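Below are the chains, spelled out letter by letter.
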Amino acid sequence: MSVALEQVWDWLGEVPDPEIPVISLTDLGIIRDVAYAGTTLVITVTPTYSGCPATSVINLDIEKKLRDNGIEDLRLERQLSPPWTTDWIKPEARDALKAYGIAPPIDGTAADGVLAGRIARLGGENRSVECPRCGSNETEKISQFGSTPCKASYRCKDCLEPFDYFKCI
Amino acid sequence: MTPDAEALAKAAGGTGRAPLAADAPEMDLFTGLTRLGDNTLILGHRVSEWCGHSPVLEEDIALANMALDLIGQTQFWLGLAGEVEGQGRDADALAFRRDAWDFHNLLLVERPNGDFGQTLMRQFLFDAWHAPMLKALEGSSDARIAEIAVKAGKEVAYHIERSADLVIRLGDGTEESHARMQKALDRLWGFTGEMFIGDAVDARLAEAGIMPAPESLRAAWDETVNHVLAEATLTRPDGTFAHQGGKQGRHSEHMGHMLAPMQWLQRAYPDAKW
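Going down the list, the sequences are from chains A and B.
All the letters of the first sequence, read from the start, carry residue numbers 1 to 169 under the numbering used here.
All the letters of the second sequence, read from the start, carry residue numbers 1 to 274 under the numbering used here.
Next comes chain A alone, as it looks inside the complex (with noise of 0.2 angstroms):
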């Protein structure tokens, strides 16, 4: 007898994701579909980053959770198109990410136009990235990058922590 979608969508929403364990892979966004395809459940999961090591820890912890809970057929799929964004992370995660004094990410950004707007920025514009810990809005960028692929460097200028911002991509 298969086990309900519901039921493994649920089993994912309680898989963390592997670098940041306060938001889960549903609330990343990053499962896009769960089928079964005959009597195999197949899990279509898109990548965050093209090398964020994440991924097949992700996958791991997937097969790992579905296993566990009795499922012996199985099967992963990678799907790129359309492109994972941050737009995808729900809200929720957003206030779970500023509790564990991550960023979360502040503007929209849909596939399209968002190289375009990036070369019209050359030179950065700084757009406002709220402190996670104090909530002041006086930051400045470090890095474009931080601690994780998906991630930028910012400081305080009030409170003077440094912290990790949530990229848009």
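No wet-lab data here; the hints were simulated from the structure.
If you're wondering where the values come from, they're calculated on a predicted model, not measured in any experiment.
Careful: at least some of the hints might be erroneous.
Unchecked claim - With a straight-line Cα cutoff of 25 angstroms, these simulated DMTMM-like cross-link-like pairs (lysine to aspartate or glutamate) come out:
| no. | chain 1 | residue 1 | chain 2 | residue 2 |
| --- | --- | --- | --- | --- |
| 1 | B | K273 | B | E49 |
| 2 | B | K183 | B | E223 |
| 3 | A | K157 | B | E59 |
| 4 | A | K157 | B | E147 |
| 5 | A | K90 | A | D10 |
| 6 | A | K141 | B | E59 |
| 7 | B | K135 | A | D87 |
| 8 | A | K157 | B | E223 |
| 9 | A | K141 | B | E147 |
| 10 | A | K90 | B | E147 |
| 11 | B | K183 | B | D172 |
| 12 | A | K98 | B | D23 |
Given the coordinates of chain A, assemble chain B onto it according to the supplied hints.
Relative to the frame of chain A, chain B by itself:
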């Protein structure tokens, strides 16, 4: 292929399918894909050589993250190249078991890192080409290429933002940093022309709407480079001489020296698993 030859090929790890003919359309596609994947692989590896050696922690992290992006993109490009080739080679086999003459990357990306300024200048000159290249590939008639290009393009938007930013800050910085950036630009300039010189493979791929003609990317590159160099108070060199050959597998002496440490483990212990 005779049954015996097929069995032998299978035993050797192949799929038993006949190798692609030199004039097969898939051969052009394979070459085009290895050109893309070898650029990201070789530059990604070069950039990763900085890991643990950068001038400040933030830059070390940024360089390592960019290397990750590039190597991740390599897995897509070379993975697809292996699929198109149909000989059972995956991205790892193509990355670790080919010799220098089978790599099709631009000579620019195999240039040694030099100092931090030279690494950044190489990155900027490449990014200014990479971004419009991916933009054009988003419209590829091959949907598999288009979807990789969309994915990679989003990452490369951050690469160019960073490399342009730093070229400006260092170029328009101290006397020392300015002099180093100008020297890096002068040294690397002769390796930029190759990005815009097409060959017969490029022409056929462009004809089929699969990849853009290299010449078509020149205007976008010039615009970005001129804008950033002006902001950086750097002087664009006059020279038009272009070193070339990388795309056809004729590499500089640096290539073998780079591949040796990159490939030794896979060659010493084939199919080793982590």
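Subject >> Hint numbers not upheld by this structure, sorted from lowest to highest >> reply: Failing hints, ascending: 4, 8, 9 and 12.
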